[in-house]
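Q: Listed below, chain by chain, are the residues.
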Amino acid sequence: MSPFVAGVDADVRTTGRESEPEVFMGQILDNEPLSRTDIAFQAPTQIKFGVGKLANLGEELQIEDDLGDLARVVLITDAALAGLGIVDRIRSGFHGSHYDLVGVFDDVPSDSDVRAVDAAAAFVSENNAEIILAAGGGSVMDTAKAAAVVATHGGRVSDYEGLYIVPGPCIPIVAIPTTCGTGSEVSGGAVIKDHDARTKVILGSPYLFPRMALLDPELLRSLPAHLVAYTGMDAMTHAIEAFVSTDREPISEAIALRAVEMLADNLPLAVADRGNTDALSKVQIAASMGGIAFTNAVLGATHAIAHSIGSLHGLHHGLCNAVALPYVMEYNLRTCPARFAALALALGAERAGRTDAEFASEAVERVRSLNASIGIPGTFEGLGLEGDDATVGDITDAAMNDPCLAFNPRPSEYADIEILVRRCVTGAS
Amino acid sequence: MINYYTRDWVEAVVSRLRESAEFRSAARKLNGTFVFRVLDGPGNHDRMTTWTFRSGECVDWTYESAATPWEAMRTAEYDNSWIMRSTCPYEMMADLNRGDMSPVRALASPRYQVEGRKTMLLQMMRALNLWNELAAQVEVVYDHDSA
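For the record, the sequence lines run as chains A and B. Heads up: the first sequence begins at 1 in the working numbering, then just goes up one per residue. Heads up: the second sequence begins at 1 in the working numbering, then just goes up one per residue.
Where hints are given, some of them may not hold.
Derived DEER-like restraints, expressed as beta-carbon distance ranges [claimed, not checked]:
no., chain 1, residue 1, chain 2, residue 2, range
1, B, 22, A, 413, 30 to 36 Å
2, A, 393, B, 144, 31 to 37 Å
3, A, 31, B, 81, 22 to 28 Å
4, B, 111, A, 92, 55 to 61 Å
5, B, 91, A, 350, 56 to 62 Å
6, B, 114, A, 51, 44 to 50 Å
7, B, 76, A, 128, 54 to 60 Å
With a Cα cut of at most 25 Å, we get these calculated DMTMM-like pairs of lysine to aspartate or glutamate [to be verified]:
no., chain 1, residue 1, chain 2, residue 2
8, A, 200, B, 133
9, A, 200, A, 418
10, B, 118, A, 32
11, A, 48, A, 60
12, B, 118, A, 413
13, B, 118, A, 38
14, B, 29, A, 38
15, A, 200, B, 100
16, B, 29, A, 159
17, A, 53, A, 69
Hints listed in this document are in silico derivations from the structure and should not be mistaken for laboratory results. Backbone N, C-alpha and C define an ideal beta-carbon position, used for all residues, glycine too.
With the hints as extra help, turn the sequences into a complete structure.
A: Written out as structure tokens, the structure reads:
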């Protein structure tokens with residue numbers, strides 16, 4: 001017997017063949033084969049977490065070799081956060097350091113826009129910024145990333161649309177998330193709306209990863225309960241979709257599974273009481289973990305449907321994900337029941353001797369219960385959409401062209417997604 | 001006009017790839033072998049093409065076909081030295097070439113299979129898009145009996 005298993009016989013199973021060594025068998029995913037034999041994992045953003053961390057901003061930047069000698073800082077944020085005092089808090093965080101907050105651009109709309117990017121890029125250039133602070137939600141952080149590209153390399157944001165188009169490093173970004181879901185603080189992507197063309201400009205590049213993500217749960221205390229719920233479920237969707245995607249790999253799935261557990265345990269507490277520092281902290285960290293996971297393993301049909309409904313009906317992205325998630329999980333169950341059984345465990349369900357196939361659906365029920373506990377409606381009809389053929393058809397058409405769909409674990413034709421969308425809207429089977 | 005997914009068509013696409021300065025510039029990081037298996041095509045034949053690039057130059061290609069179902073080709077193991085291998089029915093490949101189906105829709109479909117180094121494929125996306133554009137510029141007939 002191997003010295004590694006001596007004394008723990010109860011946990012040891014063997015294959016019964018003499019030539020094979022005794023092995024431990026996992027209880028979460030057993031020993032399923034790799035779904036990819038070729039893996040490239042990226043998580044270059046340095047994450048600094050701490051309660052009240054923003055107060056030490058100057059010290060946290062100065063200690064880093066590549067940021068310590070820079071001085072000119074531009075803050076990109078939105079008007080609401082500026083009104084809540086984010087500028088003063090950042091100035092205070094720089095107190096006693098050599099950093100100079102040379103400009104504040106607080107004109108990012110709630111839905112990032114190419115015009116806002118152009119304006120922010122011009123502002124960054126005029127102020128000769130050496131560091132960009134991006135304090136806000138996904139719209140602010142994505143605007144800052146795109147502005148950094150344009151300010152560094154010139155042109156317009158549409159010149160860099162697509163994957164791996166950005167030609168080189170950009171002005172470093174320190175992302176300071178004030179919501180708990182987007183994951184943009186650790187991702188190499190940015191989604192910018194072109195409201196005139198009614199399209200989205202999607203950028204993906206290793207040069208878009210923020211240099212640093214500074215996570216301070218104090219910044220979530222003023223977030224309304226419903227936004228903690230929506231953005232928290234956005235994070236949950238990132239983690240679950242990354243865990244089951246066709247491009248999953250063991251590094252991101254480990255991160256995703258723990259993020260699911262942390263969100264299940266803490267999101268209801270954080271929604272109920274933003275004074276609960278421990279719960280807020282774990283939700284915030286889990287959101288970044290979800291971001292790392294989906295940056296590497298990509299997403300799935302929930303995001304394809306949520307992107308479509310969000311653009312067509314103007315609903316909050318996290319809310320759309322939250323409503324669609326249990327229906328898409330149900331749709332995917334049969335493709336990878338062991339994965340959903342693992343998710344059910346992470347979501348707090350008791351296996352009680354059930355097989356993976358029997359237990360997997362518990363994951364769906366746990367997500368439905370979680371949604372209900374934090375005020376998320378069960379269908380899009382509950383948010384004012386109608387289940388008529390035209391509405392369902394428009395959403396399906398858009399979802400069929402969303403790149404996330406290509407990574408959904410269950411392959412799908414148009415008719416499959418049409419049925420799924422109708423279920424998300426009306427709840428009817 | 002050239003019959004789609006025949007040896008003549010592959011030759012025409014390779015010529016365009018070799019003549020396009022824009023492609024050679026955009027594709028300078030394109031290296032390795034790409035394999036396409038096209039099932040149930042005209043003349044009741046399956047087809048397989050391979051395209052090998054070195055720094056964006058198409059240095060080698062092959063075209064083979066056999067009566068459908070070409071079992072040896074359909075069941076051949078994936079070779080890890082390739083960048084990717086895709087497999088789909090002829091009709092789907094034709095829809096993609098005509099622009100009647102988006103690549104996303106094909107990738108999501110159970111009828112389209114991709115194996116290989118997906119992360120590297122994403123990094124090569126710009127060159128791959130140009131390759132598709134050049135291929136789509138070849139005037140073709142889709143409904144034919146050649147193999």
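Q: Going through the numbered hints above, which ones does this structure break? Give me the numbers in ascending order.
A: Number 5 - this is the single hint that the structure violates.
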